[in-house]
Amino acid sequence: MTDIKTTDKKYIMWKKRRDLRIHKFEIKKKKWKKERKKNTNLEKVDRSIKFLERNYLPDRTISVPNQFSLINNPETTINFFDELIGLIYNKVKQRVYINMKNVETITVDALIYLLAVIKNMRAEGIVYKNPIEGNYPENKEAYNIFVKSGFLDYMNNGLEKIDSKDVSRIYYGSNYDQNVSKKMCVFAHNNSSLTVDDTDYLYNSICEMMLNTVQHAYESTSKLINNWYSYAECNDEDIIYMFFDTGEGIPSTIERNVSFLGIKKEKDSDMLSSAMNGDFRSSTKLKTRGSGLVSIKNSISLDKIKYLSVITNKASNTYMINENNLVENKSDMKGSLTGTLYYWKIRRI
Amino acid sequence: MDIIYKIAKEFTDTPGPRLIVEGKFSGEMFLKDVLLPKYKEAIKSDSNLVIDLDGTFGYPPSFLDEAFGGLIKETQTGTSKIFKNLIIKSSRKHYIDTINTRMRAWEELYIK
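Chain order of the listed sequences is V and R. Quick note: the first sequence uses our numbering, first residue 1, plus one each step. Quick note: the second sequence uses our numbering, first residue 1, plus one each step.
Derived by calculation from the structure, the hints in this document are not laboratory data. No false leads were slipped in.
So the derived list for chain V, only partly shown, Cβ under 10 Å to chain R, looks like this: (1) N179; (2) S181; (3) C207; (4) E208; (5) V214; (6) Q215.
If you want a taste of the chain V side facing chain R, the calculated C-beta under 10 Å gives, among others: (7) D177; (8) C185; (9) M210.
Computed list of chain V residues with no C-beta within reach of chain R, every gap over 10 Å: (10) K10; (11) D166; (12) K330.
Treat the numbers as computed from the prediction; the structure is a model and nothing was measured. Here a beta-carbon is modelled for each residue, glycine too, at the ideal position from N, C-alpha and C.
Work the whole structure out from these sequences, hints included.
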């Protein structure tokens with residue numbers, strides 16, 4: 001007897017159709033299994049990892065110059081700040097990491113400017129999109145200056161504060177505060193034999209500089225919020241003062257105010273020099289405007305101040321007494337500082 | 001009898017900015033609350049007003065300008081007449097020179 005199924009054409013057709021049905025069913029089964037897997041915990045974990053990966057911000061490390069100082073190394077330090085400000089204010093989300101590991105020498109004027117940039121970021125809400133972090137100098141001396149300056153008082157960190165009689169803290173503000181001027185004078189009284197009468201020029205100069213910052217705040221087109229910063233420190237010979245104003249800068253302000261007079265654009269160092277002489281004050285009544293500059297320059301002439309340096313926009317001018325004559329050195333930098341830094345030394349008698 | 005006013009003890013040892021809107025203990029505040037009323041009192045009683053500048057940490061130029069220069073503008077009186085009833089006392093002579101200079105400048109601007 002033969003096997004009818006295997007030889008019958010109808011059977012063969014039926015078998016083919018059946019195999020096709022089974023094949024289709026198997027494909028569907030696989031698809032069902034895949035869909036079921038999506039609802040398991042494993043799939044949820046995979047998804048959350050991908051979510052985190054999407055929000056992970058790439059680090060952009062920026063290295064601080066070995067000599068981090070506006071006074072001693074202005075060009076390189078200003079270039080660093082220009083790069084940092086560019087990174088912070090671009091539209092790409094990234095974590096900015098300031099690498100200070102290789103800093104060998106540091107002065108507080110550069111730290112004050114760094115503080116001003118970070119404060120500006122916080123005020124504009126940029127720090128939430130582009131978080132900023134950093135490390136400390138490995139060099140011991142640089143590390144001590146960094147910590148003693150009080151810069152870290154304004155940062156989120158776990159380091160203990162180091163109190164030192166050799167430094168004041170960094171004071172800042174946007175309003176006039178003569179108590180800070182008083183504290184700067186008291187710092188001199190505590191670290192020398194100078195009295196209240198000996199330091200009145202100091203009080204007057206710092207007050208007038210603060211007033212300039214406050215008065216120009218509303219007109220300013222500076223990319224930084226117009227604040228003032230004040231700091232003092234002393235070494236064996238001198239008491240060193242720093243006052244920083246994050247406005248437009250003296251040459252930019254002069255240019256804006258006298259542009260209608262059609263005065264030819266001069267070099268920044270020449271404009272600063274003229275402002276220090278009391279020029280650009282239009283009316284009799286306003287002759288006390290800008291008198292902080294004149295007052296502090298006169299203090300050198302009276303031999304109360306040993307050395308003065310003013311850095312603003314591209315100008316970097318220094319003033320000192322040499323053989324009873326006031327010597328002025330003017331220079332123009334390639335880079336431009338937003339704001340004005342006053343740096344001066346008095347003798348620690 | 002002279003009216004004596006010591007700024008350091010009765011007003012502040014930290015004189016401030018030019019205007020009231022700019023900060024505390026301004027020249028404008030000193031003019032309105034102290035200098036002008038006391039000067040008028042001195043004239044009424046035919047006595048001298050003595051302003052003692054000693055004891056403060058300093059005097060920003062804007063403060064002195066607004067306070068003493070403003071006295072010229074408010075009273076519409078020249079310096080020679082004002083100094084008949086106003087005496088400025090200070091061990092730091094440069095402040096007296098500054099006040100004299102600024103008062104003359106305000107006189108040129110506001111009194112013809």
